[in-house]
Every structure is written in C-alpha cells, then in structure tokens.
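Order-wise, the sequence lines are chains A and R. If you use our numbering, the first sequence corresponds to residues 818 to 1575, in order. If you use our numbering, the second sequence corresponds to residues 6 to 109, in order.
Please keep in mind that the hints were generated in silico from the structure rather than gathered at the bench. Hints should not be assumed to be uniformly reliable.
[What the hints assert, rightly or not] Now the in silico label distances, taken between C-beta atoms and shown as ranges: (1) E1437/A <-> R10/R: 43 to 53 angstroms; (2) E87/R <-> E1476/A: 29 to 39 angstroms; (3) G43/R <-> G1240/A: 12 to 22 angstroms.
[Unchecked claim] Residues of chain A clear of chain R, computed beta-carbon distances all greater than 10 angstroms: (4) E959; (5) G1324; (6) Y1388.
Even glycine gets a Cβ: it sits at the ideal position worked out from N, Cα and C.
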Amino acid sequence: MTRILGYADRVSAAPGERIQVMVSCEGLEQYDANLIRVIQGDINPSGPGYREESVSLDLGGPFKGRYQPINAGSHAVVNGAAPFNARTSLSVQALIWPTLPGRGSQTILSREDPESGAGFRLYLDPKGAAAFAFTAKGKKSEGISTEMPLIAERWYLVNGSYDAKNGALTVVQRPLKPYPKVNDAGKVSRTVPASMVSTDIEAPIMIAARPATDRPAMEHFNGRIEAPKVFSRSLKTEEMENPAGTDCKDLVAAWDFSVGISTEQITDKSGNQLHGHLVNLPTRGVCGHAWNGDEHCWHKKPEHYAAIHFHDDDLYDCAWKTDFEIRLPDHISSGVYAIYLHSGSEEYYIPFSVRPPRGTTTAPVAFILPTASYMAYANNRIGIDLPETEIVCGRLTQINPIDLFMQTHPEIGLCFYDLHNDGSGVFYSSRLRPIVNMQPKQIGHLGGAGSNLWQFNADTHILGWLEQLGQPFDVITDEDLEAEGSKALEGYRAVITGTHPEYYSAGMLDSLQFWLDGGGRLMYLGGNGFYWRVSWHPTLPGVIECRKSEDGIRAFAPLPGEFYASFTGEYTGLWRRNGRPPNELVGIGMVSQGFDYSSPYVIREASRDPRSAFVFEGVEGPVIGDYGLSGGGAAGLELDATDHALGTPPHTLVLASSERHSDLYLMTPEDMNDPVPGLGGTEAEIIRAEMVFFETPGGGAVFSTGSIAWSGSLSHADYKNDVARITINVLKRFLDETPFAPAPVKASRQPGKTTCSD
Amino acid sequence: MSRYRITRDDLKHAAEFRADPLGIPGPGLQRVLNLLRGGPRSGKYVLVVKEPFQRWVLGRLPADRGQSVEIMEGLEFTDLAEAEWEVFKLRWKANTGQDLEREL
Chain A
818 MTRILGYADR VSAAPGERIQ VMVSCEGLEQ YDANLIRVIQ GDINPSGPGY
868 REESVSLDLG GPFKGRYQPI NAGSHAVVNG AAPFNARTSL SVQALIWPTL
918 PGRGSQTILS REDPESGAGF RLYLDPKGAA AFAFTAKGKK SEGISTEMPL
968 IAERWYLVNG SYDAKNGALT VVQRPLKPYP KVNDAGKVSR TVPASMVSTD
1018 IEAPIMIAAR PATDRPAMEH FNGRIEAPKV FSRSLKTEEM ENPAGTDCKD
1068 LVAAWDFSVG ISTEQITDKS GNQLHGHLVN LPTRGVCGHA WNGDEHCWHK
1118 KPEHYAAIHF HDDDLYDCAW KTDFEIRLPD HISSGVYAIY LHSGSEEYYI
1168 PFSVRPPRGT TTAPVAFILP TASYMAYANN RIGIDLPETE IVCGRLTQIN
1218 PIDLFMQTHP EIGLCFYDLH NDGSGVFYSS RLRPIVNMQP KQIGHLGGAG
1268 SNLWQFNADT HILGWLEQLG QPFDVITDED LEAEGSKALE GYRAVITGTH
1318 PEYYSAGMLD SLQFWLDGGG RLMYLGGNGF YWRVSWHPTL PGVIECRKSE
1368 DGIRAFAPLP GEFYASFTGE YTGLWRRNGR PPNELVGIGM VSQGFDYSSP
1418 YVIREASRDP RSAFVFEGVE GPVIGDYGLS GGGAAGLELD ATDHALGTPP
1468 HTLVLASSER HSDLYLMTPE DMNDPVPGLG GTEAEIIRAE MVFFETPGGG
1518 AVFSTGSIAW SGSLSHADYK NDVARITINV LKRFLDETPF APAPVKASRQ
1568 PGKTTCSD
Chain R
6 MSRYRITRDD LKHAAEFRAD PLGIPGPGLQ RVLNLLRGGP RSGKYVLVVK
56 EPFQRWVLGR LPADRGQSVE IMEGLEFTDL AEAEWEVFKL RWKANTGQDL
106 EREL
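Pulled out of the complex, with its shape left as it was, chain A reads as follows (with noise of 0.2 angstroms):
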C-alpha cells in the first residue's frame, strides 16, 4: 500500500531557503517528517547497503494526515461571462476531432451552474454522439442527441441551438469528409417546455468539461476542439453547415486557439473579452482541421493550429494545501536530501537537491542530479501498460508496491513513456504531483538483472561512491542548469553526471558545453545521455515538453506536423536531429540498449596513449567491470560509442569498449536505415559501450563510460575494484588544475564509424 505521499514546490534550494511541503494521507490520522541526506539508495542485500543519514531539524510534525485529492483532466474555464437572457436564443458551435467517442459522456462546451447543475452543454453522449442537453433549475435535464456515433479522429462540425420562438432544440454533426456508405452525420431538433430551459446562470463557460460538486470539474473531452462559438440566437441550418467566422452576428463568444499557443490563456475573438485560462495543461500546438502538410510549424501558419488535444488524464500541477514549510539550516551541506514522511509502516520520500550557497561552490566538483530526465520517466507506467517489457528485459516484470498503486490510481499522471487513455503519446511531464519512482529504496523495471535500479535510485550509486571516497561534492539539478546557465557551473574545476543523463534542454545543453570550453572536465558517467531536446516551459514552474519526432527509441510517433514544442516553439526530436549531436558533447552517443545482462570492457590499445595513461594506473586489465549490481557488468542497459560522422572529435581515444552483449541488445531505429540481419548483440558490431577521453581547446577533458551500468559496479568488493579505480583515477586528474595539453590531432575527420584510436 502507498498511503502517504507528497510532493515539494521546488526540486533545489540553497541553505537558508524554503520548501513547500505538500502531502496526502489515505486513512492515516497522523505522519511525521524528517530530514534526511540520501547517500545510497540500493536495497538489494548483495550490495553496498542502503545509507541514510538523519539531518537534526525539527520539521514541526506529527502533523496530522488528511487525504487531498488529485483531480486529473484538462479543460479551459472562461470566467466573467454575464449571465445569458433566460428568455434568449442561444447556440453552441465547434470542430471537434474526438478520439474516444462512446467512452461515457464528454463535454465540448458548458456552462452549469455545479450546485444545482442548471444550465446548457453540448456534448458527446455515452454513445459517442453529438447531444445538446439544457437543466432548469429543480428540473431535470432535457436534451437530444442524434444518435449516430462518431468516429474516432475524424473532424466533425457539431452544433447546438435553441430557438426562444418556437422551443425548438437543435443538435447537428456533420463530417467534414464524409464518406459513402458511412452515416456518421446527423439531425435532430425537438420542441422543449421554455420553463425547462435555463440560460441565466452566473457559472463560468467550460470548455472540454463540466462542473462538479466534489470536484473542480467532470466529464472531461478526449479529442481535439476547435473554435468554439457561443451566439446569443439559433442558428439557421445553413449556417450549421460551416464553421462561422469571427464577423457572425450575435456572438458571444468565439474562442481562436491558434492565439498564444505557447501559453495557458485562450482568447477570445468576439470582442466581449471572454478570455479564459487551460487547466492542467491539454495540448496545443497540435493540428487543427486545417492542417494540410504545407507548413510544420505551428507558430510560423498558426491558423492551422488552431486545435487544443484535451485529455481526461492530463496532469500539471495537483495543487495541494501546503501541509508545512522547511527553512533549510543556514550551514546545511550541499547533497541530495529527501523530506521523509512516515506512519508506522508507511513511508514517503521527496528527494530534492540542496545546492550551495547562491553564487558560490562549496566544493571542486559537482554532481549533476539530472532531474528533467527524473521527470521524463516520472511514475513512468513501463511495468504495467506494456507487455513488452518482459521480452526486452528477458526475465519477467517484478511489480513494485508502487507498481500497484499506479495501476489503482492512474490519477497521479504520466511521462513521456506512457500513452494517454485515448492513446495519444505525452508531450508534458510535471512534477508538481507526487513522483513515486523518484524515491531511494525504489526498483525499476529496466535496470539489468541484479538491483534493476532506475534513473533516481540507480544514481545513488554514484553518490554513495562518492561518499565512500570521502571526496566533497556539491550538488546542483537540471533546474539550476536551466535557470542559470554556466553560471550555475562556474568555479567547479570537474563535473560529473548521472547514470542516464537523458533529456537536455537547449539552455542545458549550452551551459554545460560553454562551461567545458572553458576549461572544464566532464565526467559522464552514463549512457544514453544527452539523447532527446526537452523546453522547459518559460513561465509555469516545474514542467517541461518533449516530443520525440523523426526517430529515436520511443515508445510513440508524434503526429506529422507536430514536431515543434509548443512551450518554445523549438523543434523538437533527437539532438543529433537538432544538429547537436552527444558525440560533439561527450564523444559518444547511443547506439543500442538492452536490459538483461550488462558485460565487461576489455581495454584498448589507446589505453597506453600516454595522454591516458592516469585513467589506468593500478588497473590490471585487459577485463574491467565483469561484476555489477546492474546488470552482473559495467557495460550495459544503454550503450553509447564513438560515430565521428555524427561528431566525435578527431583525437578521441577509445580507451575500453565491451565486446558481445546478449541479442537482447539491438541497434537503435536512427541507425538502421536498411534493417539487415544480425542486428543483435552478439552480431552486430556497433553494439558496444566505448569508454573514451579527450582534451578540449580549452585546457580541460571528457571522460565517457558510455553505459547506464557503470556505476552499479562501482561498490563491488567494497568499491575495491578496476572500475572504481579508474573512476577515482579520472576524478583525481580532473581536480588537478594542472590544465590538460591541447591533443595533436592525427587525421581529418574520419569516415563511417571507426575511431581514430582503432
């Protein structure tokens, strides 16, 4: 049972700061909380032991438990609208493209009073068809419907009217392509009572919802919406045949989603100021009816975006009560902590990352805690919703407690690995809700036989090294990277990344490379790094948007012509699509994943190049990293190598590589332009972790592991082992300030995939 959670408003702060601490309990009256330094997260009795460390701060508990709910579903609320005439005409109008029709009732349009649920929605019945449907006050609801369901991601033009005149209600759904054969349109007018109609309520206009009593809204549309109109007079059936314009007589309302797509507000074109605001943010910069392959960019032919995709599962922010607040201690020590909340057997972690003081480093080296990668697989559904990953994984699916309540409670919003209910793909990922995979002690699904540890908890496998090592560090996130640029790096003579560095924004991406320029040593200590392009959005707080267009390892295709972020309007996809390949960066990049059994390096004959010659002193060899906790190897899960096509600098040297993996490993779908045999791991050779090194210009080095597995070996023997000892080697040159010679560079750029060592 997962009876406690919690979420915190920020993911980093600086000693002084504070936290806002939200949680939620089921069934439990009371709950304390501490804090916490996480150190090693790793519960699997045949590692290094799980270690934290309890920080002296009253945090003001026991606190007493309440249960908050989380209302998932996306929806646009238009405040401010005068109350209608109780004696007027009244019609409703939009395109709308649905993609679950006949899946219970979804609203296109509303505006109801949530008391005594008066008011007037047009909507889709559980039938999937269109149905306009008016509530008198103390009565009950009269409506129509046409009966004929829709089909699912086809456009359809639906309207509602009401005639004062004659009481004549009217519903209509034409298909914008019709076919023969296919009765998918319809007609239905009915005279209805004036004493059982209500338009003079004062409640505001929703859009893709409806009200509701014990909750913020209800009922929410699945599908695309587009242009909905409010007129204050029926309209004639002509002009229910044609999406009106801006111009029509008698509007109310006529809302343009093509306006401020990289925003949350909606504008409306009527001239009557209706504006409105989007909850839990559906998605825009999506095509609208419109949309006929000229143009791929939303902002640069907006009408043609003039759609919002609305989801009954969409998540932004759970906007829970703060439950307490934390002043972090003045002098607290730069790490990785976590709020510990617990009740009996209960307990709840929110990990967050306390940085050093603002403008200052309190260590040589920083660690990386990459957390917009956290958020991409954040209360990822991969165990769960697809059956697949038994096969990939080659062992069957453990299911976590998490696991379960997931599965029980898919309120609690998805990641870029899971689908919509309606089975669209994920563009947005938030943490402002709890992210139960983001804890220590937690399991995973695709990290290797063994402790099958993930992103977050796989990561603490570094930290703990560090620990041991008794080597300083402080610690920053993607956040600050973000937010502040090379700043946030600067003083820091060496940097070291997570396991699974994954997703980087533009900004990120920047300040990590200005700071190397300059001089800086980067330790990437992963695989599959610096993979997909993310925006972070440019106002909300804590949400980034990812759409993986053209190819990449994905578990969805976005839709031709939605391959621009809607949050920047960047193009989004793989960032050796975007011309910033990871190999430019870190001299490798991803070439295959598999996740059953990782394997060793053997070391290269570059290995004796005496610029290297550090990373390999008091190792033995030729085999390094035949032991692990991910995987039973250092070389595993996801592997990255060398590709100077794709902009590994000249003077690489690929010090070590891994040699045969299991056919579970396969080569990623942006290499395999002609699928051939022997694409597997004991076949193909560009199936292989290359560990590398260079100089840069200005007087600083990249060391690359190029596998997710490296540091679950790290604790093997009591961190007594080669793949330790060469990550301590490379550690302690990267902190000697000693500035590293600027490489001779043997050969022009290189054909194909070999390296320049080979």
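Put chain R on the given structure of chain A with help from the hints.
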C-alpha cells in the same frame, strides 16, 4: 506478436531453459521465449514483489488502467529461477496443450 509455433523440436530448448532459467538463451530458445513472453498486457504473468529481492507472488496484469493486478495466491517464490520455470511451463501448456514436465 511472434508467428512462431512450438513443435516437438523445441523440447530441447525447453530443456535448455529448465537447466538455466536465468541464463542467456541460445537462438533457438530465444525464438521460443519471444513467443511465450510476447502477447498482450491483459492476463500477462508478472511477479508481484512481496519482499524486495526475497519473495514474490505470481500475478496477472489486468486489461485496463484502474483495475487491480490479479494476485495468484499460493504461487509464491523465493527463487527467481523457479518462478521463471513455473511461468514457462504455464505458457508452454497454454500454447501447446502439453504438460512440459511430462514431455521432458
């Protein structure tokens, strides 16, 4: 979904799996596993963790979000290899109608 169909020729692969359920399979066994481990979410066998790294109970995934994972009480394991072999036999029987223990 795999189009492969198990025949008696695959009994040697079943024996290979029984000998080392957690090993890296050869190509023939891998083809059998691709079939047995494939299939839709609904009803898929999973191991529900009772005690991390120590004790598991067999479960089956439901068809839809919001539904509970079916727990197959009594089918508990303290050894992952035993769990793999048990599920292999269940799936073999579902695919072929044959009791693998009797066939081998």
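Violations among the numbered hints, reported as their numbers in ascending order: none
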